[in-house]
Each structure stands twice: as C-alpha cells, then as structure tokens.
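In case you want the letters, here they are:
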Amino acid sequence: MCLGIPGKVIELYEANGMKMAKVDFGGVVKEACMEYVPEVKLGDYTIIHVGFGLSILDEKEAFETLDLLKQIDALGDEGIAA
Amino acid sequence: MKYVEEYRDADLTRKLLEDLRRAATRSWTLMEVCGGQTHSIIKSGLDQMLPPEINLIHGPGCPVCVTPLELVDKAIALASRPDVIFTSYGDMLRVPGSDRDLFAVKAAGGDVRIVYSPLDALKIAKKNPDKTVVFFAIGFETTAPANAMAVVQAKTQGLKNFAVLVSHVTVPAAIIALMDSPDVSVDGFLAAGHVCTVMGYWEYEPLAEKYKIPIVVTGFEPVDILHGILDCVRELEAGRFGVGNAYARSVSRDGNKPAQAVIRKVFEMTDRGWRGIGVIPMSGYRLREEFAAYDAEKRFPEIQTIRTHESPLCISGLVLQGRKKPLECPAFGKECTPQTPLGATMVSSEGACAAYYRYGRYERKNNAPEQTVSTENQ
Amino acid sequence: MLMTEKLNLLGWTCPRPLQNYPTIVMGHGAGGKMMSDLIEHLFAPAFDNEWLGQMGDSTVLEQAAASGQLLAFTTDSFVVSPLFFPGGNIGELAVYGTVNDLAMRGAKPLALSAGFILEEGLPMDVLGNAVTAMAAACRKAGVKVATGDTKVVQRGHGDGLYINTSGIGVIPEGLDIGPANARPGDAILVSGTMGDHGIAIMSVREGLTFQTEIRSDTAPLNGLVEAMISAGSVHCLRDATRGGLAAVLNELAGTSKAGIEFDEQKVPLRPEVNAACEMLGLDPLYVANEGKLVAIVAADRAEAILEAMHRHEYGRDAAIIGTVVSEHPGLVTAKTSIGGMRVVDLPAGELLPRIC
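Residue numbers (my numbering), protein chains in the order written: chain A, 1 to 82; chain C, 1001 to 1378; chain P, 2001 to 2356.
Wrong hints could be hidden among the right ones.
Unchecked claim - Dumping the calculated PhoX-like pairs for lysine-lysine here, alpha-carbon to alpha-carbon at most 20 Å: (1) 60(A) - 1002(C); (2) 1002(C) - 8(A); (3) 1265(C) - 19(A); (4) 1015(C) - 70(A); (5) 70(A) - 1002(C); (6) 19(A) - 1155(C); (7) 41(A) - 1257(C); (8) 1257(C) - 19(A); (9) 60(A) - 70(A).
By construction, these hints were calculated from the structure, which means they are not laboratory data.
With these hints in hand, go ahead and build the complete structure from the sequences.
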C-alpha cells in the first residue's frame, strides 16, 4: 500500500501555515509537506507518500543493515529481537 | 536513486537467496500483507527465485482492492453530479463498480480529476468556489495522515466546498480476522513497511503473542523482502515468535507520533466492509463528529441508498485472504483481464490478479498452440 | 517556441485581413472569403511550395513511382494537449509523426496532406505558431505539404486545434521492412532513451520540475533510418509512441509469431525519467516516446548498424537490448535487475499514476 519514495530535502519553507519542502528524487524535484517530520533538516532523506514526508531515513542504520546482510550467514541465529 | 538501487542489487539478492536456502529445512507459508510488496515481488521475478520451501501468499493489503463496492458506487454517483469535482488517487479510476467505473464517468463528461496528493484537491476547491470538491479518501494507515491533514486544512482555511468520501482500512484487525479464519493457514507475516512507518509496530506484539507467530516489518525492494523473509524463517526454524523489524531505516517501534496524533484528531475506529471478505470489526476509520461538515456521505445523503451488484464470477475475496491464487480462478485471463476486470484485484496495479496477469505467471493461449512461460531461470 | 509568442505577421503577404481577427471564428471554416484569407495569409506562405501553389481540389504529383519501387501511404491524427510542451508542439508532431510512419517501412517521404480542425476561439497567434513550427519541421525532414483542408468547429468541441496528416513515401527497390519479418536470432535495438516524451507531457500536468528539464524527444527519423539501412539488414522498424517500448515489442512479437527476450538493464533511460517514473508509480517501458524507434536486425549486422546509429544526431544513445527467440512465440519477457524474469505484457489502457 504504499508507494513511498525516498527523496532528499533541498529546501525548507512555509506555506498555508504548514512546514513544506522541495524534495529531490534523483533529479526530479517536487514539493512535499513536512508537518509529520518537523525535525527534518536540509540534506536529510525522507520517505514521501502522496506528497507527505512520513519518516527521516536513518543512514547509519541503513549502512549497518546492508553490511550485515552482505556478511556470510548474515544475522546468524540471534533472533529478530537483536 | 539513493536508498533504492542498493536494494535491487543482483549479487546481494543471490547471496540472500543462498542464505534462505540454507536456513529453511521445511515448508513455510508466509503472507506478505502489503500489495506494494506483491507488486515488487512479481515485477522483479523474486517469487520464481525463492526456494520451493517458501510459499508466499498475497494478503489483502491493497486498499484499492478492498474498498467496498457500495463506496465505489457512491463515488460514481457523486462524480456524475454536475456540481461536483471528484478528485481521487489514480488507482481508483478503473475499479469496477456495479455497472461501470470512474473512468467511464469521466469519459461521459463528469469532472473527475486525478490528484497526486490530497493537498492538490484542496487547491482545486479553492480555485472552484462554485463547485463542491469531493476527495476519495482511501488507503491504509499510511495514507491516513495525508487524508487527515486535508480535512484539518479545510477546516482551518474555512473551505466550505470541500468534502471527503472516506474508506480507510487498518491492518491489525485484518490479521486477526485472517488468523481466526479456519480456511487460512499462515506461519508468519511480513508486515507492511510504510503502514508501520506511520503506526510503529507495537500493535503487532499482542498479535504475535496470541497466535504464536513471527511478524516481521518488511520494506519493498527485493533485498528488503528477502531480509524480511529470512528473519521470519529463522524465527520459525528456531520455534520462536515475536515482532521483528527488517525496515529499521524507516520504521521504529513507536512510529510517527505527530502523524498518529492527527489521525486520532480527525478519525475514529469503526467497523469496515472489505470487498470480497466482509465486515471486519474495528478495521477502519471514519470521520469524527466534529468534522461531519466534511463528510461527503452526510453532505449528499441521497447516496446512502445505493444498491450494489458484484460479479458472481469474481473470487477477489478468496485471493485477498490468500485462500486461492489468481491462477485458480476460472475467469482469470478469460472473462477477467486488466482490460475487462471483474474485480478490484485485477485492476489495482498491486492487486494480486493484475500482478499475475501483467508479469505473466500464466499459460497464454494465442492463435498458436498453448505456450507456457519457462520458469527455469536459476 | 512559446505558444503565445506574438506572430510576426510582417514577414507574410498583406497581414491586414488576419489582424482583424485575433481568434478563429466560425467564418474561417465557411469556404468563403475569410477562409481563403486564412489560407492565403497563413497556411500558404508557411508551407510555400509549387504543389500547394496548384490550389486545386487535388494536387497532382508529377512523380510517379518508377517500376520496382513501391509507394507507402500512412495517416495520423494529432490531438495532443497541451499544444505546446517542453521539447515540442502539435505542429512538429504532425509532421514528424507521419514522416516516421513512412520511414518505418524504409520509405523516403514524398508529400504530406494537412487537415486542420480549429475550435472557434483558438487564438490566431497559437495557430500561427503551430503552423510555423510545422513548416520548419517539413524543411528539417525534407518533405512538403502538398494539399490541405481547414474546418472550424463550435467553441467547446475540440481542444483548440486538431491536425491530421497523411503521407506518401517511396520505398527503394528491393527493400522489405515490415513487422512480420523478425526471425529467431535477430538482434533488437532501440535508438535512444525511453520515456522522455510521456514524462515531459506528464511533467506539465503533474507540476514536476527537473534539475535538467525533461524535453519531448520529437524528431524526424527518416535520416537515421537511411543510415541504418546502408549499414545492414534491417528486418523490422517501429516507432515507439503510445504504449511505449512494451507495446512495440508485443506487436512485433505477435505479428512475427516469434518470442522476444530483452534485458531491462540495457534499456537506455535518463535518470530523471527513471526517477519521475518511480515517483508516479509508472513503468518506463510503457511510457510514450515520439522520436525513438525499435529495430530488429540480422544479428551479424547488429554492431555495424549500432555504430551507424551512434554517428547520427538521433541515435547517439542507441543500444542493443535483446534477441528474438523461437521459444514462447508472441510473448515478450525481460530479465529483471535482480536476475529474475518477468513477462512484459501489452499495456492495459491509459497509464495512471498510483499511490499503492
């Protein structure tokens, strides 16, 4: 359900009393509402769904997970709570 | 595109498939809840690359597919009114109502406009004060914050000519209904990554506990999906259950609190009908009383008495519950195709039937003798 | 060219009759003085050739086909909205679209007809700019408008301007290029990046902006086709318009009763087009093009033909993307980015952006 696309915040401003941003999706720039990610900063990547930012992507988390997945027998048997 | 290409990497995919082959010692049936995940799996061909022990069934996570027939008919009735500009996400335009779809209303001269965001519908309302703009507010919890904000903004800006036709559904109740159904047999769930981005995953902990199943929050790209499946299978192999998070770059246990606050402000829980499945208690949202002025069903009471007619051939409901695969439907590819859909699962780009048809898991009859698409591609 | 650029009427003979009418009115289609003024002062000076100068009910083309040559004949109607978009306009489309249809059979375009359906209220500037663009496109493609027609419809009927063009071309002796000629083993080439036109149009409609503006790829392909034919055996040619690459491959596979397999990663795509498609939930394989072709050629000539394409203005990003196979006749399959396989079916209908 949910076409959420990651994009980079390149400009922040206000419109109609709402926090808005210009978001760059790999070369396409579109406006999106940042009311649900008020702590967002320039350069952050957010998941945008129907014109609204829903989360700020955690780069460190992403790197660590990808690294783990690449290792032989990634995640071992520590269980999903780890 | 960053955060996309890395998760479509062929080498990492092959490696994770290897890990999965080693991890699974017996058959497991997993349900991926979200239609967006179904779409991605079939489009990338991942379902054909999984080891045979893994049986992925496609769940009801397609809000387009489960929007009740009466609501589609109500949408069509409203869109046909000359004093209404009917705005909707693109997905809903070809969903069959009792006798036609929104696309046909548009072709016949109705003012039906596709919007990318509910804020665009507000802009249209401001530009057209002499018409009422109705917005078709469908979706799971992912879309609820956006739809809610449109209502809040309409109230704040004093827009008198804006109304929403609400058809929101929520995931946890659907999981309960599926697990309680004697016909459904699922060992574990891949929870929807963007629903959980909004709602967090704390709601799934009591479910995992009650049914003793693993539920893993999963993303959408092939690597994300394999990650979710791997986590799920490892739990199952070890005889454990609980909630895990394989989409941690976007999802936290608590979820997005500002978004949840606005959902709570605008909506309240209600029983909802799921097309093809039936009414699931406390499985959806409706507008709270104080926003009644923006409720299209209250503003246009004549649409309350719509009579519906569902195609008797369509088994969408069984497909949505994972009880049948699209190929098992006698109408699949014959009476029912994306050009002539009988049910929403063939129309919606993430409906399982449409995905199967488009990405070709079927035997096609041309004028020539029957051909089968080769599935040997390892 | 901007839609609303003021017409330079001074360059044309006696502009005064047109100056009285800033917009098209019903009288311009009535067959009387107003219509002949429109022809004499707008259409004729723009297209300016001896054929049109005959001003007969039909135009007589002195050139008959020499024996051994065949005539190719095609028609197309242009109803694009908006009339002017980044990288093109209805006038260019009306010329290049028909020229390309002729070129796809290996024909050298000879003459076009141009039928105009004008909506009452269409600003004269807009018509003038579209016609100027058409005339420039004719010169670029090396073709002439030999005959034409004008009708005016009432306000509210028609999106301002519709154009129909038919075209005649001459196929050199011995050349046989057609959609049934694909053979197992043949190579499949595309002439450049896919999806530019559809995304350019959609960007106007959806309010998308791009770091590097996505422009329509409207272009005449007859020169490119000549270069390709000189380099080797071309079996099939199709221009990849509505329905995109997917539609063309399916049509060729169906008509030739052969299977097609290609590699998704080999299809040239601008990064911005790729990103726009991701955002809107569109598949670039189904997005429309205007100035791109798909070619099926003999395998042993593929590299030579590719090189010839790279040397041409409209083939710089050409690529070999797949092969014709004897398995699964009529079906098109693609290798996906993760090494899986998907079937690429005919598009179901109009491409709609999605949220799911």
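Verification of the hints:
no.	hint	verdict
1	60(A) - 1002(C)	holds, 14 Å
2	1002(C) - 8(A)	holds, 9 Å
3	1265(C) - 19(A)	holds, 19 Å
4	1015(C) - 70(A)	holds, 8 Å
5	70(A) - 1002(C)	holds, 18 Å
6	19(A) - 1155(C)	holds, 18 Å
7	41(A) - 1257(C)	holds, 18 Å
8	1257(C) - 19(A)	holds, 16 Å
9	60(A) - 70(A)	holds, 16 Å
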